[in-house]
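Please model the entire structure based on the sequences and the hints provided.
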Amino acid sequence: MSWNWGYAGQIMPTLLRGVGQTFLITAVSGTIALLGGLLIAVARWTGPRAVRVALRLLVEMTRGVPILVLLFFAFYGLPSAGLRPSAFLTGVAVLGCVYAAYCSEVYRGGLASVPRTAWDAAAALGLPTRVTWSRVVLPTVLRANVGALANYIVILYKQTALLFAIGVPVLLTNAQVAGYESFRYLEPFTLAGLLYLLLNLPSVWIIRRIERRVTRGGF
Amino acid sequence: MSTVDGLGPYLPRLADGLLTTCEIAAASIAGAAVVAALLGVLRASRNTPARAASCGAVEFLRGTSVLVQLFWVYYALPSIQGAPRLPATLAAVLVLSLNGGAYGAEIVRSGLLAVPRGQLDACHTLGLPRRVALTRVVLPQALGQIVPAFGSLAVDLAKWTSVVSFVSVQDLLYWGNTVRVATNRTVPVYLLLAACYLALSGAVALVFRAVEYALPVSRARRRSPPPGRSPSAGRSRSPGPVASRRLLPWQGRP
Chain A
11 MSWNWGYAGQ IMPTLLRGVG QTFLITAVSG TIALLGGLLI AVARWTGPRA VRVALRLLVE
71 MTRGVPILVL LFFAFYGLPS AGLRPSAFLT GVAVLGCVYA AYCSEVYRGG LASVPRTAWD
131 AAAALGLPTR VTWSRVVLPT VLRANVGALA NYIVILYKQT ALLFAIGVPV LLTNAQVAGY
191 ESFRYLEPFT LAGLLYLLLN LPSVWIIRRI ERRVTRGGF
Chain B
659 MSTVDGLGPY LPRLADGLLT TCEIAAASIA GAAVVAALLG VLRASRNTPA RAASCGAVEF
719 LRGTSVLVQL FWVYYALPSI QGAPRLPATL AAVLVLSLNG GAYGAEIVRS GLLAVPRGQL
779 DACHTLGLPR RVALTRVVLP QALGQIVPAF GSLAVDLAKW TSVVSFVSVQ DLLYWGNTVR
839 VATNRTVPVY LLLAACYLAL SGAVALVFRA VEYALPVSRA RRRSPPPGRS PSAGRSRSPG
899 PVASRRLLPW QGRP
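Top line first, the protein sequences correspond to chains A and B. Counting in the numbering used here, the first sequence runs from 11 upward without gaps. Counting in the numbering used here, the second sequence runs from 659 upward without gaps.
Any given hint could be a false lead.
Sample of chain B residues at the chain A side, in silico, Cβ under 7 Å [claimed, not checked]:
1) THR722
2) LEU725
3) SER737
4) LYS817
5) TYR855
Footprint (simulated), chain A over chain B, 3 or more residues, beta carbon under 8 Å [what the hints assert, rightly or not]:
6) 727-735
7) 824-836
8) 856-870
What the hints contain is simulated information worked out from the structure, not anything from laboratory work. Each residue gets a CB set at the ideal place from its N, CA and C atoms; glycine is no exception.
Structure (structure tokens):
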């Protein structure tokens, strides 16, 4: 069997719809990951001991288990708890939570590297806690770690393919369905791979630009 | 929450699956180490075509996820005339090794480049053959940085093996899904699965900690604690990645 351009053109619109879903999922779960990770890290920094231990356990467990297991667990387990979210919602939530755990470690490392003197200076100036966090500590942390965080978002983009497992119509799912309907797998999977690759290529450049822009004049 | 009762008859199957997962993980980690060493050395070399080729290979392999590559090798590759139809397990190990190796290449490269060039010059001045300089001077120091980072990649690889259930390899996740369908006891099945994977990740991490402990740099560090720390403090600390890096203060960024 050889490459068939007509067929490739025919399935392209389906694949591009999958690209749209992939980007939507990356955007939503990326937002959850970035904000959730920050929340976890700040709670682990300031919270009482019980909260710190519980969050640490949760983060370590999330990082030690494959995303697929968590995905199946949520998809099949939540209905038995009386919740029936859609596959899309489940997938976005699971990816968001898993990468929130990863991002929280980045933020935590950033918090640990804020120099003691910065805290002291904020205290000496009489800055309220809220201002110390929002104007002194967090900008420092974000500036130093924007590259690592963006890197996780790129990985998250690639991992959206896993949502194929629960039938969310991401790029890979649409390729599989197209192949299944016509018993031709060469074109759909090759095109899907190329699309993932091509759409990923600018990310390296974009990350470098963001890093350069944000770290300029930083701490 | 219910316990594992009712899953009893299926436990041998799950154990089989766990064994398959462990085998695939071990094979892929070994394969990834080989690929990483090859690509990493090429990436650190001064030969421009070799560097460009390995750079291209790494970017290509890292541009898509393991699942996409696995599907391509397993479903699309056989439709090309003359291409082999790989058995599912082999396809899985191949894809995991290549993908893990691409991530590992970056670790190997930065480990090699972190050893200052001045040391190679010093070896040259001392008249050491290049091979000896690499195996006795550069590599032992580079490994001190490579092994811990490769260890966390190996843990990732152990978790990535779960995608092989999609190409009908009967691994832990495959049997977990089968048992869930048969018993309809979602929560205990997946809790058991999560526990197994956690144990596997922990075991892989432990193996690499042990390798790191046995490295020449770690042994040297234990013999002579770094300046600024009392010998007792040096002994009481476990040799983590950070501790072993402290021996060579020039390591880090080239």
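Verification of the hints:
1. THR722: Status holds, d = 4 Å.
2. LEU725: Since chain A brings a Cβ to about 5 Å from LEU725(B), closer than 7 Å, the hint holds.
3. SER737: Since the shortest Cβ distance to chain A is 4 Å, the answer is holds.
4. LYS817: 4 Å, holds
5. TYR855: 5 Å, holds
6. 727-735: holds (count 5)
7. 824-836: With 4 residues closer than 8 Å to chain A, the stretch 824-836 of chain B meets the three-residue bar; holds.
8. 856-870: holds (count 3)
Comparing the model with each earlier hint shows no violations; every hint is respected.
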